[in-house]
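Protein chains: 2
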Amino acid sequence: MESLYVIKIGGNIIDDDALLSVFLKKFVAIKSKKILIHGGGKLATRMAEKLGIPQQLIDGRRITDVETLKIVTMVYAGYINKHIVAELQSLKCNSIGISGPDGNSILAHKRENAPIDYGFAGDIDRVNADWFRQLLDSGICIVVSSITHDGNNQLLNTNADTIAQEIAKAMSTFFEVSLVYSFEKPGVMQDVGNENSVINKLHPDYYKKLKETKKIFSGMIPKLDNAFKAIDSGVNKVIIGKGEELDLLISGKAGTTISHE
Amino acid sequence: MESLYVIKIGGNIIDDDALLSVFLKKFVAIKSKKILIHGGGKLATRMAEKLGIPQQLIDGRRITDVETLKIVTMVYAGYINKHIVAELQSLKCNSIGISGPDGNSILAHKRENAPIDYGFAGDIDRVNADWFRQLLDSGICIVVSSITHDGNNQLLNTNADTIAQEIAKAMSTFFEVSLVYSFEKPGVMQDVGNENSVINKLHPDYYKKLKETKKIFSGMIPKLDNAFKAIDSGVNKVIIGKGEELDLLISGKAGTTISHE
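Protein chains in written order, with the working numbering: chain X, 1 to 261; chain G, 1 to 261.
So here's chain X without its partners, still in its complex pose (with noise of 0.2 angstroms):
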């Protein structure tokens, strides 16, 4: 099968344009399709700082209310994914921004009864993979913002870790898919406190040892369970790393890669 990469690039790599260049330079590099997600970084809270809107966040999650929504999709679905998009065109990438409603790409429902009340968030019911297909094979680069929508005229904000997820998985379908996280940190550690002990292959097994063990971060097993789902659902491999090293995360030289060889 061809293969696809989904790449989730995190607010450090968007709030730092020249990281952002240096990023998206080894994106455009990467010669196979490619699907980009981006969330806003801290542009939404200062923006909404700005405008004397109070931002609250519970576990790095955003409680979105009418207000709050009107500044995600501004500037995510807006001014970040616009600015990705003509970047990557002055790279000679042909991209394309969308958010979910274009396209019907990604369905949402807004969250209801859960113990904290997030407002407008979105949980994702179903990606378009076919619509993906379609404009993958017209040759063209997709980069996603984070909202999404309900079918019935509601725009959602929704986790950008989850959209990557849910592409990745349903792209899976008709590509050997590698999911990309890129995130601060040069993979994951064994001892948090060191970067040198970056762990390069993690496989179920070897997992659920350290697990076992206690020799991994507590705070990063949410983000490797589900890791370890993706690659139980399909997707080839997940890699976890600098952005800014994209390069060397593909090649395996930098970085945490889980699959199951």
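Keep in mind that the hints were calculated from the coordinates and are not lab data.
Check before you lean on any hint, since a few could be wrong.
Note that the list lumps identical chains together, so a pair holds whenever it fits in one copy or between two copies.
[What the hints assert, rightly or not] Pairs of lysine-lysine residues, derived as DSBU-like cross-links and limited to a Cα-Cα distance of at most 30 angstroms, are as follows:
1) 25 with 110
2) 50 with 110
3) 42 with 208
4) 26 with 110
5) 209 with 185
6) 42 with 229
7) 26 with 50
8) 50 with 31
9) 92 with 110
10) 25 with 92
11) 215 with 25
12) 185 with 253
13) 223 with 25
14) 50 with 253
15) 201 with 26
Guided by the hints, dock chain G onto chain X, whose structure is given.
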């Protein structure tokens, strides 16, 4: 040739959710292929006010400094574009919202050496008609915001009337194009104070005569000169009137239809 409607909506519709809904229902009812173009109405001005960024408009055109460019990108390409697409999806009209950098759809350059410095204002160089056709042929409606790019990583604020006209002209290679300008008036009026004086049909000879005898509101002349240029460049007809009467505009029962016939 197959027909295509290229429809530009004005600020009065964008600023009024109820009016926008009336318009979008009528838009969806059009059986032909269609492209919708929008700017940002007064939303960008209000957002700038809230952010304390002074706005300057000359002849209705916004001076776009760096901060204003951020605002219009957020408001036009983000908030308004995604809201329109979400509403169209809820009306079962599959749509995609794009801006100039997406698919390299509208390439422009920064206006230089003009008597007035409009800042990051774009003048259009090229419409990617092939890509517009490809999207339309896949059965999707296109919603275009008035943000373009220069191919060198610069977004540009661009007049939505001009975008509509350039798209209409470019698409007339493939389609029989009707270009609809929706604004707050019922059409071109002989007597600007009398909404019952709408000129229903306007062809070049009649227009020439009206201009010579000064029986046309001078403020409309630049708009009409452009409309006549459009029909001289392959566009089948230009229709001017109220967007909320879109069905009547298209059937010729309201508004002003400008054509060679």
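- Index of numbered hints that the structure contradicts, given in increasing order: Of the numbered hints, 3, 7, 8, 11, 14 do not hold.
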